[in-house]
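Residue numbers (the working numbering), protein chains in the order written: chain Z, 1 to 354; chain H, 355 to 663.
Hints are not guaranteed to be accurate.
[Stated by the list, open to error] If you anchor each label on the Cβ, the simulated ranges turn out as follows:
| # | chain 1 | residue 1 | chain 2 | residue 2 | range |
| --- | --- | --- | --- | --- | --- |
| 1 | Z | 315 | H | 482 | 54 to 62 Å |
| 2 | H | 463 | Z | 147 | 28 to 36 Å |
| 3 | H | 362 | Z | 315 | 42 to 50 Å |
| 4 | H | 653 | Z | 339 | 29 to 37 Å |
| 5 | H | 491 | Z | 92 | 46 to 54 Å |
| 6 | H | 503 | Z | 340 | 33 to 41 Å |
| 7 | Z | 73 | H | 660 | 33 to 41 Å |
| 8 | H | 488 | Z | 315 | 17 to 25 Å |
| 9 | Z | 264 | H | 635 | 50 to 58 Å |
| 10 | Z | 92 | H | 442 | 56 to 64 Å |
| 11 | H | 416 | Z | 339 | 49 to 57 Å |
FYI, nobody ran anything at the bench for these hints, they're computed from the structure.
Cβ atoms here follow ideal geometry from the backbone N, Cα and C, with glycine treated the same way.
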Amino acid sequence: MKKLLTAAVLSAALATPALADTTKVGFIYIGPVGDFGWTAGHDRARQELQEHFGDAVETSIVENVDYGADAERVMTQMALSGTDMIFAASFGYGPDVNAVAGRFPDVAFQHATGYIQEHDNISLFDARFYEGRAVLGHIAGKMTETNTIGYIASYPIPAVVSGINSAYLHAKAVNPDVNFRIIWTYSWFDPALEADAAETLIEQGADVIMQHTDSTAAVRVAEDAGVMAFGQASDMTEFGPNAHLSAIVDRWAPYYISRVQALKDGTWEAQNSWMGFAEGIIEMAPWNDRIPAELQEEADGLIAAISAEEYHPFTGPINRQDGTAWLADGEVADDGALATMDFFVEGITAEFPN
Amino acid sequence: MILGSINPAVLMAALMVAATPILLAAIGELVVEKAGVLNLGVEGMMIMGACVGFIVAVNTGSPIMGFIGAALGGIALSLLFALLTQALMTNQVASGLALTLFGLGLTALLGQGYVGITPPRTPKLDLGPLSDIPFLGRALFTHDIVVYLTIALVGAVWWFLKYSRAGMILRAVGENHDAAHALGYHVKRVRVFAIMFGGACAGLGGAYLSLIRVPQWTEGMTVGAGWIALALVVFASWRPWRAMAGAYLFGGVVVLQLNLQAAGVRIPVEYLSMSPYLITILVLVIISSGKGRSLNAPGSLNKPFHASS
Numbered sequence: 001m002k003k004l005l006t007a008a009v010l011s012a013a014l015a016t017p018a019l020a021d022t023t024k025v026g027f028i029y030i031g032p033v034g035d036f037g038w039t040a041g042h043d044r045a046r047q048e049l050q051e052h053f054g055d056a057v058e059t060s061i062v063e064n065v066d067y068g069a070d071a072e073r074v075m076t077q078m079a080l081s082g083t084d085m086i087f088a089a090s091f092g093y094g095p096d097v098n099a100v101a102g103r104f105p106d107v108a109f110q111h112a113t114g115y116i117q118e119h120d121n122i123s124l125f126d127a128r129f130y131e132g133r134a135v136l137g138h139i140a141g142k143m144t145e146t147n148t149i150g151y152i153a154s155y156p157i158p159a160v161v162s163g164i165n166s167a168y169l170h171a172k173a174v175n176p177d178v179n180f181r182i183i184w185t186y187s188w189f190d191p192a193l194e195a196d197a198a199e200t201l202i203e204q205g206a207d208v209i210m211q212h213t214d215s216t217a218a219v220r221v222a223e224d225a226g227v228m229a230f231g232q233a234s235d236m237t238e239f240g241p242n243a244h245l246s247a248i249v250d251r252w253a254p255y256y257i258s259r260v261q262a263l264k265d266g267t268w269e270a271q272n273s274w275m276g277f278a279e280g281i282i283e284m285a286p287w288n289d290r291i292p293a294e295l296q297e298e299a300d301g302l303i304a305a306i307s308a309e310e311y312h313p314f315t316g317p318i319n320r321q322d323g324t325a326w327l328a329d330g331e332v333a334d335d336g337a338l339a340t341m342d343f344f345v346e347g348i349t350a351e352f353p354n
Numbered sequence: 355m356i357l358g359s360i361n362p363a364v365l366m367a368a369l370m371v372a373a374t375p376i377l378l379a380a381i382g383e384l385v386v387e388k389a390g391v392l393n394l395g396v397e398g399m400m401i402m403g404a405c406v407g408f409i410v411a412v413n414t415g416s417p418i419m420g421f422i423g424a425a426l427g428g429i430a431l432s433l434l435f436a437l438l439t440q441a442l443m444t445n446q447v448a449s450g451l452a453l454t455l456f457g458l459g460l461t462a463l464l465g466q467g468y469v470g471i472t473p474p475r476t477p478k479l480d481l482g483p484l485s486d487i488p489f490l491g492r493a494l495f496t497h498d499i500v501v502y503l504t505i506a507l508v509g510a511v512w513w514f515l516k517y518s519r520a521g522m523i524l525r526a527v528g529e530n531h532d533a534a535h536a537l538g539y540h541v542k543r544v545r546v547f548a549i550m551f552g553g554a555c556a557g558l559g560g561a562y563l564s565l566i567r568v569p570q571w572t573e574g575m576t577v578g579a580g581w582i583a584l585a586l587v588v589f590a591s592w593r594p595w596r597a598m599a600g601a602y603l604f605g606g607v608v609v610l611q612l613n614l615q616a617a618g619v620r621i622p623v624e625y626l627s628m629s630p631y632l633i634t635i636l637v638l639v640i641i642s643s644g645k646g647r648s649l650n651a652p653g654s655l656n657k658p659f660h661a662s663s
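With the hints as extra help, turn the sequences into a complete structure.
Structure representation (structure tokens):
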């Protein structure tokens, strides 16, 4: 599959040298476009990009590219075959993007959720998932009847940790008795393990399941057990029409389009963009009808306040888990602290994994 | 520590479910290896079973038809392996690895229209008063029929290998294929049947994931279960009941670590998450270093056989 697509890129490059104003954009994905989660989200955006520009842009994809030598080879081939811009859609491509970018200074690189930026032809971009988690936490805190929320987490990296903290703070704000039970799977995608984790959490009293893993298994288990759940990265309603309350849906398209437009205009330059509700990069899947109208309005209001930057999900006073002060009353967390977050906030009983 | 929230009966019930898919695949591979063939394509045959079983179950509305389809899907892929290794004499390790890659790719294609669909439900077996026994009822007698059939299959394989004539021929082929050939047994025929049995079992294991445990179809959903099944065969030193003990141990550790995490037990979760794999490696080391205790590997394992040689 990889070879075939790369060959398509190469032949396309040979076939269209005359169309100088066609911008070639390559995408490399860590998973299959059919994962119904993270990679599917990026490919949705690629399709929108293609629709937006029509013939003025030519996109190509290579899926299931491993970190390391494989990614470097694929990006090198893309660069050699005249690709103008490369989107590397996973955290772990960092070293590979930087290695290839150093050799091809005329190619614009866009790295999702990365942090390494050694050359001025690399832009980094990420989404403020914690903003969406605040809304999920608020809904979960109000909807739970057992006051127990189960959370299936992947790896203890800042994006996941800030998500747990944000969800907890907002659940706690509307329900002081709320309790989070957290299971780390140390994997982004393992349907059987995620299903087992969901079952375990439900068995231990959770009636709302949140996940920061990519498969749709947990939503399905929640549906069968008659409890509630939130999807991840894409709208997962079809996997649990009753259970699925909502989901944070990634919408990278507006950003992709703006970056390609900038490249066409000659105004592209390296950036580090961290975007949320305000930029339309994340949005919520349609509310499930079982969420009372009043609560839907509250959630919409929360989204509006965050979008308008009237409210920040991490506004003090907030203490760390050990009781030491983190944010003073009214103080707002800065981006640096959020991008490196490595502690739970006060009230979460689970131990933080080191 | 809130250990009180863990219910041991539920834990026991969950571990039986977690162990069933890897046990099915492992018992099949055990027979294949007993016949002297190393098929590393278990993962590929499992995902094939998961996909084909799901497709058949959805289209016929019958989980039983789904499981039959899964077994046939696994057999189809295993026949490809049999063709390569038994007729064309290719390298077994390379063919097995290719089978896994092929299975993962093919099912991604086959299953495209089946994502997001709910398969027909497999009913729990109604065991009447047995399910009402305190503790044991919940732990042992609340499962679907596949869990019990899998245990029965382990017993049947044990009996077949130990007492039946056909089983002894199969073992003879696996221990020394030249001697078996000299005695007039059809080495290749026996091996092809063993490979097909392995394919059917792996397919059933895969279908257990997609039809009962998860239950849905997702590309690449087996995520390494086939490799664990392969390790289990060595772990069990090619003995059926030990394979079952190993599968239940592995399933037990997986389920236990999830429960401990959810209960908020204050021990580092990284170790909990890797514990099933650590324990598997540890037992492998203990077994293979035991003095005076042979590993019990079939003598002709992974050796090609050609009648004229």
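### Query
Can the suggested window of 50 to 58 Å be confirmed for the beta-carbon pair residue 264(Z) and residue 635(H)?
Distance hint for residue 264(Z), residue 635(H) holds at roughly 54 Å.
Checklist entry - residue 463(H) and residue 147(Z), beta-carbon distance inside 28 to 36 Å? => result violated (45 Å)
Item to complete: With 46 to 54 Å as the target window, see if residue 491(H) and residue 92(Z) comply at their CB atoms.
Response: The hint (46 to 54 Å, Cβ to Cβ) holds, given that residue 491(H) and residue 92(Z) are roughly 47 Å apart.
- Assessment of proposed distance window 17 to 25 Å (beta carbons of residue 488(H), residue 315(Z)): violated (51 Å)
Kindly confirm whether 33 to 41 Å is satisfied by the beta carbon distance between residue 73(Z) and residue 660(H). holds (39 Å)
query = Do the Cβ positions of residue 362(H) and residue 315(Z) conform to the proposed distance bound of 42 to 50 Å?
reply = Since the Cβ atoms of residue 362(H) and residue 315(Z) sit about 44 Å apart, the hinted range of 42 to 50 Å holds.
Distance restraint hint 49 to 57 Å, applied to the beta-carbon atoms of residue 416(H) and residue 339(Z) | With Cβ atoms ~52 Å apart, the hint holds.
Could you check the hint for me, namely that residue 92(Z) and residue 442(H) are 56 to 64 Å apart, CB to CB? Violated, since residue 92(Z) and residue 442(H) (Cβ atoms, about 39 Å apart) do not stay within the stated range.
Could one say that the CB atoms of residue 315(Z) and residue 482(H) fall in the range 54 to 62 Å?
-> Since residue 315(Z) and residue 482(H) have Cβ atoms about 58 Å apart, the given range 54 to 62 Å holds.
**Report entry** Consistency of beta-carbon spacing, residue 339(Z) to residue 653(H), with hint 29 to 37 Å
**Finding:** Violated, at about 59 Å.
If you check the beta carbons of residue 503(H) and residue 340(Z), does the distance land in 33 to 41 Å?
Distance hint for residue 503(H), residue 340(Z) is violated at roughly 52 Å.
This entry does not satisfy hints 2, 4, 6, 8 and 10, going by the numbered hints stated previously.
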